[in-house]
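Student: Construct all of the structure, not just a fragment, from the sequences and the given hints.
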Amino acid sequence: MAFDSLTWKRELTLHQLYCHVILVIILRLLINSNTLLEHCCLMNMVKKGEKLLRG
Numbered sequence: 001m002a003f004d005s006l007t008w009k010r011e012l013t014l015h016q017l018y019c020h021v022i023l024v025i026i027l028r029l030l031i032n033s034n035t036l037l038e039h040c041c042l043m044n045m046v047k048k049g050e051k052l053l054r055g
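Quick note on numbering: the sequence shown equals residues 1 to 55 in full-length UniProt numbering.
Treat the hints with caution; some may be incorrect.
[Stated by the list, open to error] Derived lysine-lysine pairs resembling DSS-like cross-links, with alpha carbons at most 27 Å apart:
(1) K9 with K47
(2) K51 with K9
(3) K48 with K9
By construction, these hints were calculated from the structure, which means they are not laboratory data.
Tutor: Spelled out as structure tokens, the structure:
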């Protein structure tokens with residue numbers, strides 16, 4: 001796989017941005033959620049998100 005460094009840097013930045021956005025959303029949901037059920041659903045979403053990000 002031959003990437004030029006600019007494309008690679010842009011992809012990496014985009015990946016970091018997605019991770020940051022997901023973390024912010026998760027933190028807000030955790031702060032706002034009161035029930036354990038919501039927390040469990042959230043953790044499942046996190047695991048699915050991690051799988052998607054890893055490809």
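Student: Can you name, in rising order, the numbers of the hints this structure does not satisfy?
Tutor: The structure breaks none of the hints.
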